[in-house]
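Novice: For the record, the sequence lines run as chains E and X. So the first sequence is residues 1 to 424, counted in our numbering. So the second sequence is residues 1001 to 1898, counted in our numbering.
Some hints here could point you the wrong way.
[Stated by the list, open to error] No farther apart than 25 Å at their CA atoms in a straight line, the calculated lysine-lysine pairs in the DSS-like style are these: (1) X/K1734 / X/K1757; (2) E/K312 / X/K1408; (3) E/K406 / E/K316; (4) X/K1287 / E/K137; (5) X/K1403 / E/K312; (6) E/K164 / E/K316; (7) X/K1408 / E/K316; (8) X/K1588 / E/K312.
If you're looking for bench data, these hints aren't it; they were derived computationally from the structure.
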Amino acid sequence: MNISGMLYGSKLLDIVEFPRTEVLGPESSNQQIKELIARHGEVFIKPIFLGGIGKKGKAGLVGRAKDLKTALKEKERLYFVEHKVGNNIAKANGVTFEAAIPAEHEIYLSLTDSTRYRAPTMMMTHVGGVDIEALPKDQIAEIPFDPTTGLKSFVITNALADLKAPREIISPLAQNLPKLWDLFHHYGMTTLELNPIRMSQVKPGSLTPLACDFKCGFDRDDPRVRRLNLPSDLFAVDYSDFEQEINQLRTYQGQSDVSVINPNGTILAPTFGGGANSLVTEFLGDDAIISSDFGGNPPYQKMREVMRICLKHWLKQTNVLFIIGGKANNTDIFVTFRAMADALREYFSNHGPVPIYVVIGRGGPNLSRGLLTFKDVLEQLGLPYRIFAFDSAMTDVVRYAQAADKWMKAGGREMLAKQLGIAA
Amino acid sequence: MDNDQDVKLSTNIRSLAELATPTDRVCVLNILGNESRTVTPISHSYSGGNVVFGTAPGKQGKVLETPLGNVPVYDNVREGLDAGHAFNVGVVYLPPSAVRDGVIELVRVNPECKKIIILTEKVPVHDSRIIRSRARLRKVDVFGANCLGIADAWNHIRIGGALGGDKPEETLKKGSVAIYSNSGNFTTTIASYLMAAGWGTTTSISSGKDVYIHFAPVEFTYALDNDARSKAAVMYIEPGGYYEQNLKLNKPLVACVVGRWKSKLTRAVGHAGAMGGSGDNAEAKEKWFQDLLQVDGIYTPENPICTTRGALVTNIAHIPEALTAVMKLHGVEPDFAPQGDLTLKPWFGNTQGLPVPPELDLPLVDPIQPYKDQIAELSKQVGAIFPREAMKDRSGSSLMDPKTQVTKVSGVSVLDAAGYPLESNYCLALLHEHNDANDNALLNTAIACDVNLHGNPLIDLVDTVRAAGNSPNTVLSTACAAIGPNTINNARIAVDTFMELFGHSGLMQGDHSDFNIANIETSPEQIKHLVTDTPDPKAEAMLAGLAARGAKSVFVDYLKSLGQHPTADAVLAAITTSIAWNALMRKKITRTTARNLPWYARLMSVIIGAAVGSDKHQKDSFCGVANIDLINKWSATEIAYLALLGETPTPEKLFPFQVLLGLIISNGPGTISAQGAKGAVSADGPETPERVQINKAMIGFMTHTGYSHGGNGYEGIQFLIERFANTDLQDAGKANHGIDLATMSKEYALAFGAEKKARKSVGDAVRNIPGINHPIFKGQLVNKDPREVYLSELFAKRGEFNIFHAFYSSLVQALYDNGITANVFCVNIDAVIAALLLKLLWPRYRSGDFSEAALESAAFTAFLFGRTVGCAGEIDDHTNRGRNMDTRTAASKCSFVS
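Between the sequences and the hints, there should be enough to build the whole structure, so can you do that?
Specialist: Structure representation (structure tokens):
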């Protein structure tokens, strides 16, 4: 759950009255853009990407214009532009027009929870506007502080003094930066980054820090995010239909975390436990359709619903249904296995059989009853299967599932389909 | 990263031996919550009783029952302390939004609280920040959130979560290895893996993997070095966070770092903190541990890289071997002989006859103990067990699709059910699948032998109730009331006996004629429930009927093999158990369903039988048909036809009758009839299923039908009679009937339009035409009820004509053509039912045999016959799944109307 750019950034900064550059959204009229250029001499045109993709400047995706004609041309170029950073590909939907702020000093500031200090930590430099990673260490101040008192002016003045920052920027930053703590701490953020903050002479004789770019990440488990009334589709880009459907079941009783790994994968692996998730994701790689953690002792109804959604989206393409977890501490195997077996049976009775090989590896409370329940259903459905308990190495069970997938791809699926009286 | 000095300052824990000690006393917040209720009693008794009290706001005075006695519950921590309890460990099971305040309560109210374990998942980072700050201020050690606590195998102490599961002593074997794991599940899994190489544990810690980890690797390694019991450690580490950077320790370590592939994901799954950036991803962590352990690669069985300092693995299955290799360099042998091994051991499997390669066709192995015994015991269980839940307005039997209005019973649409006879649909509702011809032969015999109520005082009672002017449902309720538990108990005991005798015999099909019954050993006590010394004429008639129909049943064969005289109850039980057996063995139905099946069969008989007066029940015949013929030949559908229409059906007449009954078996759990049935079960308390009175539940269904629900089919019939009374129609099935339907429709449409206009002008309500229009299927230019479309096509395919149905189709068009309706209304399912029934009854109505009152009664009774099927399904489903009194409505949802 991330936001980048000034379209929403400006609205969030306004909540705590942090000064910022003037921003117009994609719906702005030509007249408004013209006036913005007239007021500031120049505007930046930036594509709007939902989610948290960055490095637009480096990719040449920031336009500049000193007249309306150029501004509109840049708008046309950037409105639906595609941007790739690592594995992330984002498609723009609109542009912002942001006033260019002439400034001598550019500040970088971020707030996040540092695992080095186990405290909220401010990172700042007065040599901003560049990649923070590219700067030498002595130009960056990294200061943890106490969350019960928050980010105080003295933390900022001390940091700027250590950085030997020019005198004229210290006071305006000490006055304004503490406001960001309120935004960060009270609205469920996990990171907040302003880069650059340009020190501008809004009033003659004194500098004002104007935020010119914005990035933040939210904690999906923090109800404080709802205080912002952000449009629900703002984060929808992060999730596929399948993930959104599962996310609706997200409660604190029982995990229901999923991520689609490969929509063309052939192993559907409902996984139990964060550890098992890491291991299984690692070993299955692109064979897996989803990465999931359904542990945490989910109740029957929730487990059945989670499984129903998994099957609805993915069972047709699945070669191997692979139910895997370690030796559960508290997750009731009978309850969860019964729910999953019932969902599988329900799928078969509603949609007809699907040729799948079933591989199971699990341990935990009520194990015998749980395994027997699943076994009975698999027998009824006429599916080939192997059920391993916790005394088999989990990685070997994963490899077994991969071998089953390989066999299914090499003609096994057709044979099984024929046996079930359906097309492969 | 905190340095050594900081570690000493940030934790009270000097040695791992201090983490979970016999002197620790525990207070559990939200002790009565779902998870704690299961876990805390096990932890408490494993630890010799270390939980002194728990809190649950508003539940002061309650207790948590444990094997070592009750743990008291208070509203808050202060009350517990005031009551004289002292504790030094707080365990938090609160929901996420309450965790921070719970921690603050613990540290502020009790200065003696020095350890806090937070089990809760999804605690906001915001709250963890505050918890971290407060805990450091007060010098309290926090574990979690999102962890499973700490366990000490030496002291037999488990505090916090559920490490080791429901049997901690199985996995937490005393040994020399400390475990620190980001995954709660893997803490236990690693402990069980270590046992396979002969290693036991000292202290096991599930650290959690949120962004904030309070008892982090740096605190762990510091305490490990100071723990004389621990000779080595295993750490299981996931990406994200700098907690493992620059660690120092003086004991051997096997570090398992996973998550290289995970860097491809864009968000955390499972563990909120398990997302690495460029500097704290899995590769970076592998490098940190390589530097710490002075190894230049990853340990694998093929390339066992390790030093005296330890080894790095990326596969948890390699942990035991790597540990043994490292300890060997120190000259240290495992703690005990290996217990089991980690090779692939399939406990269950079936290739279903497919030619799978040898690497997939692994031979099955016996489960280890105690699972082997458990599985053997559980495998003896006959039939399914469904989890009990509140079943108000819910059903595992039927479901109506709100879009198509088509109901499915046991997953079969009523439109498809209409293609099956009554007896098949009865089996469908109760056994969740359509039966075969042999099952029908069996069930038809059972039903036929009980429809004739001659000599049974019940039929006189039914006559009396009918003569008092009651509606058919009230009359049939009386009949059901007479079929109480005492009348069926012997048959139920016989079913129990069959299940005992054959449950583990390997028999899968009730009609398996080659099954060797000679191997079934029966005790005299069991035989007593099945046979008598003297011949039972009813039993003999049934056996003769079965023979005449060629019905096969292992149980009937078995009864005959006993060499004495089977009782009629035993024969009935043998019949129903044969029908149920396959579903029972495949755990599709419960034992309860199987043992109630004779009851359902007899209720169906009596409902059909009581539909006619005592004058039709003669000693040797029913409605003029010889008993022997009914038992030997007739189907339940045919007998129902006979009772309703008083004549022997021809195949042409039977088909629409069967369709009619099939269509009305159910309209989902929301209909009044189903609600009546479910309410009656709920009131008896399905959690004690043997006390649920199936006949009373059937009365619940009957009393929840009436002139509006069930009897309203007659409105359509009445409407059609009004239209056709003055015609010379003799046979409603003749396509060349000679009646000008178009003119008739137009005339009625115009008359209806005029009446509508007149009524509107004086403000009167406009009456609807029965069988036309539907609240769902409307608004299109031409509207169709898909159920009517399906049936029209079905009859057209069979070349069957129905003038009443044709009139309805013509009428909706005429209403539109003449401007009475804005579009072409649909002919709805009620119209089809009325048309079907009237077509059957028309000759007798025309001849004067049937009065209009008799027509109304017949329409209502037909509904009851069909609906008995669906309601039997609801009754059985609610009995098997429901909770006591679960259909009541909460007072907060009820309102007063003045």
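Novice: Give a verdict on every hint.
Specialist: Results of checking the hints against the structure:
| no. | hint | result |
| --- | --- | --- |
| 1 | X/K1734 / X/K1757 | violated (36 Å) |
| 2 | E/K312 / X/K1408 | holds (20 Å) |
| 3 | E/K406 / E/K316 | holds (17 Å) |
| 4 | X/K1287 / E/K137 | holds (22 Å) |
| 5 | X/K1403 / E/K312 | holds (19 Å) |
| 6 | E/K164 / E/K316 | violated (63 Å) |
| 7 | X/K1408 / E/K316 | holds (23 Å) |
| 8 | X/K1588 / E/K312 | holds (23 Å) |
When each numbered hint is compared with the structure, violations occur for hints 1 and 6.
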